[in-house]
Amino acid sequence: MTRDEDRVFTAFCEGQLRIAQALDAASDVLTLRALGEEAPVTRYIARFEMPCLAGGNGNGLRHAPHSTIGICFPPYHLSRFDIARVATWLEPRDAYHPNIKWPFICLGHMPPGTGIEEIVYQIHEVIAWQRVTMTELDALNHDACAWARSNRDQHPLDVPPLKRHSLDYALEPIRVPENRP
Amino acid sequence: MASVCLIGCGNIGSHLAMLLARLSAVLRLILVDPDTYDASNLTTQNIEQRDLDRAKAEVLAERIRRARPALHVEPLVATVEALPPGRLRGADLIVAALDGNRARQSTNQRAARFGVPYVDAGVNTHGLLARVDVYNLADSDSPCIECGWHTDDYARLAQRGPCDAPVETASTNAPSHLGALAGALAAAECARLLEQDYSMVGRQFIVSADWHRAITTSYARNPACRFDHHNWSIETLKQAPADLTLQQTFALAAGSGARSLAVESQSFATSRVCPACGREEHCLELERVVDARRCEHCGGRLRAPGFAIHETLSSTSRVSRRHAKHSLANLGLQPGDLLTIRGGASVARHFELGGHGDDT
Numbered sequence: 001m002t003r004d005e006d007r008v009f010t011a012f013c014e015g016q017l018r019i020a021q022a023l024d025a026a027s028d029v030l031t032l033r034a035l036g037e038e039a040p041v042t043r044y045i046a047r048f049e050m051p052c053l054a055g056g057n058g059n060g061l062r063h064a065p066h067s068t069i070g071i072c073f074p075p076y077h078l079s080r081f082d083i084a085r086v087a088t089w090l091e092p093r094d095a096y097h098p099n100i101k102w103p104f105i106c107l108g109h110m111p112p113g114t115g116i117e118e119i120v121y122q123i124h125e126v127i128a129w130q131r132v133t134m135t136e137l138d139a140l141n142h143d144a145c146a147w148a149r150s151n152r153d154q155h156p157l158d159v160p161p162l163k164r165h166s167l168d169y170a171l172e173p174i175r176v177p178e179n180r181p
Numbered sequence: 182m183a184s185v186c187l188i189g190c191g192n193i194g195s196h197l198a199m200l201l202a203r204l205s206a207v208l209r210l211i212l213v214d215p216d217t218y219d220a221s222n223l224t225t226q227n228i229e230q231r232d233l234d235r236a237k238a239e240v241l242a243e244r245i246r247r248a249r250p251a252l253h254v255e256p257l258v259a260t261v262e263a264l265p266p267g268r269l270r271g272a273d274l275i276v277a278a279l280d281g282n283r284a285r286q287s288t289n290q291r292a293a294r295f296g297v298p299y300v301d302a303g304v305n306t307h308g309l310l311a312r313v314d315v316y317n318l319a320d321s322d323s324p325c326i327e328c329g330w331h332t333d334d335y336a337r338l339a340q341r342g343p344c345d346a347p348v349e350t351a352s353t354n355a356p357s358h359l360g361a362l363a364g365a366l367a368a369a370e371c372a373r374l375l376e377q378d379y380s381m382v383g384r385q386f387i388v389s390a391d392w393h394r395a396i397t398t399s400y401a402r403n404p405a406c407r408f409d410h411h412n413w414s415i416e417t418l419k420q421a422p423a424d425l426t427l428q429q430t431f432a433l434a435a436g437s438g439a440r441s442l443a444v445e446s447q448s449f450a451t452s453r454v455c456p457a458c459g460r461e462e463h464c465l466e467l468e469r470v471v472d473a474r475r476c477e478h479c480g481g482r483l484r485a486p487g488f489a490i491h492e493t494l495s496s497t498s499r500v501s502r503r504h505a506k507h508s509l510a511n512l513g514l515q516p517g518d519l520l521t522i523r524g525g526a527s528v529a530r531h532f533e534l535g536g537h538g539d540d541t
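Top line first, the protein sequences correspond to chains G and F.
Numbering-wise, the working numbering puts 65 at position 65 of the first sequence, and it's gapless, one number per residue.
Here the working numbering runs 181 ahead of the position in the second sequence, where the first position is 1.
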């Protein structure tokens, strides 16, 4: 009998944990927390503190102040990518977007082994309406899809970038001539 | 005398099945394919008009029984991923004639768990290529099919999104004679393996019927292979899923302390939702059971949210304790499912659930 260890997957998860911690530290809008104490860490909660369109389907639209998504890496993540398994939309439940229907979010085709940084960036683009499915054929929320086509001036949303930009400017004082009023 | 499992009864399989049946060393043949023949297959597969709209595995089984009545043939109308792995256990050799890498992955995995040789056949219309790969996964240091895959191969795997049904790979539309060529090459390698000749293990043989060339390539074990290559020593349980409770199943583990239970190629769902109407129910059952359910309220397809899916159950979790007295059948397990049970830091034990008709 052999012990069931998958060293390749374990190494992948350890690397993703370091990346997640760095991403959490570098972002003002994202809080990325690992769940559980057992190694390797395979589950995260991503909370985006930025406007998220919600409501619709007969109710008025509003901007929810934040959204929460669960991200997990199943043991077969390096062999095949299963978006419904990797990303779970947690809140707001009435998020309004063609690519979102609680508890599912559609991020499109991704290769196996896609890392947490890429997944988080894709989710950020969806929440910001920078990534939008415009046809009902592939959309999870058909009502939002029709709204997207009829209200192109309403998206994408004006949201902060995922990573804060560092200000790295060299400043020089301006010398004002003495005889200038 | 040997038992052979053929996965895929399409272009290559429709020829290969008969060739395998005619090997004198073969006593039992298992045929696996979920599809039925349709009119488009008449010019590309080895079938007749009367076979249309019938399950491929059953059509070939009938034909084999006519040709060789003494051969035990078992058709299984299912995908290899959906089939409880134990239904293939007992095969001395697994042969795949598939047109998608997703099914190849599952087949490769089963061959490794059972420690049996695996022959994979394929075709490519460009150059009229017929290909056969030979693996012996009894040796965990031997290459598997994924050892030769790189990023592009994984990227091409069919994916299932939350918005649609599983993506089907396009048929190769290869001509029937190309399928026959690949089938013949595969049958020849199977005959070699059944005679304990492993000289072609770890090798790929390609013939081009267009360019009239033959090429042999060797694979090496890839230390970074994304598949773990583990062989399992599997104990067969007499009990069927209905005869074992979850609590009794945990008790099968050696060692003390918390136990964990996993079902090969399956996951447990602790919640099921209807995306159409938003209803949610807590549960404990295999994800494949959730996928087959319909919402009682609106009739929509039920799905398990990703965060409510778990590959292993812990004996100390609240949901396990709540369902301790439930039988494994209640959770959706079937005869032939493979269980992995671990207690504390002890080595895992693997079991096959009993209860299917051909338990001997």
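Because the hints were derived from the structure by calculation, they are not lab data.
The structure displayed is predicted, hence computed values, not measured ones.
Glycine is no exception: its CB is placed at the ideal position from the N, C-alpha and C atoms.
Treat each hint with caution, since some may be false.
Here are the in silico distance ranges between beta carbons for each label pair [said to hold, decoys possible]:
(1) Glu118/G / His393/F: 44 to 50 Å
(2) His358/F / Gln21/G: 56 to 62 Å
(3) His393/F / Arg152/G: 56 to 62 Å
(4) Gly108/G / Thr217/F: 27 to 33 Å
(5) Arg402/F / Gly55/G: 22 to 28 Å
(6) Thr217/F / Arg33/G: 23 to 29 Å
(7) His507/F / His165/G: 28 to 34 Å
(8) Glu91/G / Ser221/F: 27 to 33 Å
(9) Asn57/G / Asn511/F: 33 to 39 Å
(10) Arg402/F / Glu38/G: 27 to 33 Å
(11) Arg33/G / Arg246/F: 57 to 63 Å
Heads up, incomplete: computed chain F residues facing chain G, CB under 7 Å, no partners named [what the hints assert, rightly or not]:
(12) Tyr335
(13) Ala395
(14) Asp409
(15) Pro456
(16) Pro486
Consistency of the hints with the structure:
1. For glutamate 118/G and histidine 393/F, the hinted distance range of 44 to 50 Å is satisfied, since their beta carbons lie about 45 Å from each other.
2. In this structure the hint that histidine 358/F and glutamine 21/G lie 56 to 62 Å apart at CB holds, the actual value being about 58 Å.
3. Our hint of 56 to 62 Å for histidine 393/F and arginine 152/G holds, since their Cβ atoms are close to 58 Å apart.
4. Judged by the Cβ atoms, the range 27 to 33 Å given for glycine 108/G and threonine 217/F holds: they are separated by roughly 32 Å.
5. Between arginine 402/F and glycine 55/G the CB atoms are about 55 Å apart, so this pair departs from the stated range of 22 to 28 Å.
6. Distance hint check: the CB atoms of threonine 217/F and arginine 33/G are about 49 Å apart, inconsistent with the given range 23 to 29 Å.
7. Taken as a hint, the range 28 to 34 Å is violated for the pair histidine 507/F and histidine 165/G, whose Cβ atoms sit roughly 54 Å apart.
8. Remark: the range hint 27 to 33 Å for glutamate 91/G to serine 221/F is contradicted by a beta-carbon distance near 47 Å.
9. As the Cβ distance of asparagine 57/G to asparagine 511/F is approximately 36 Å, the hint placing it in 33 to 39 Å holds.
10. Between arginine 402/F and glutamate 38/G the CB atoms are about 29 Å apart, so this pair conforms to the stated range of 27 to 33 Å.
11. Distance hint for arginine 33/G and arginine 246/F: a CB-CB separation of about 60 Å, consistent with the stated range 57 to 63 Å.
12. Because the closest C-beta pair between tyrosine 335/F and chain G is about 4 Å apart, less than 7 Å, the hint holds.
13. Because the smallest distance between the Cβ of alanine 395/F and any Cβ of chain G comes to about 31 Å, over 7 Å, the interface hint for this residue is violated.
14. Here the hint on aspartate 409/F is kept, as its CB sits about 5 Å from the closest CB of chain G, short of 7 Å.
15. Using the Cβ-Cβ criterion of 7 Å, the hint placing proline 456/F at the interface with chain G is satisfied: the shortest such distance is roughly 5 Å.
16. Satisfaction of the interface hint for proline 486/F is found here, the shortest Cβ-Cβ separation to chain G being roughly 4 Å, below the 7 Å cut-off.
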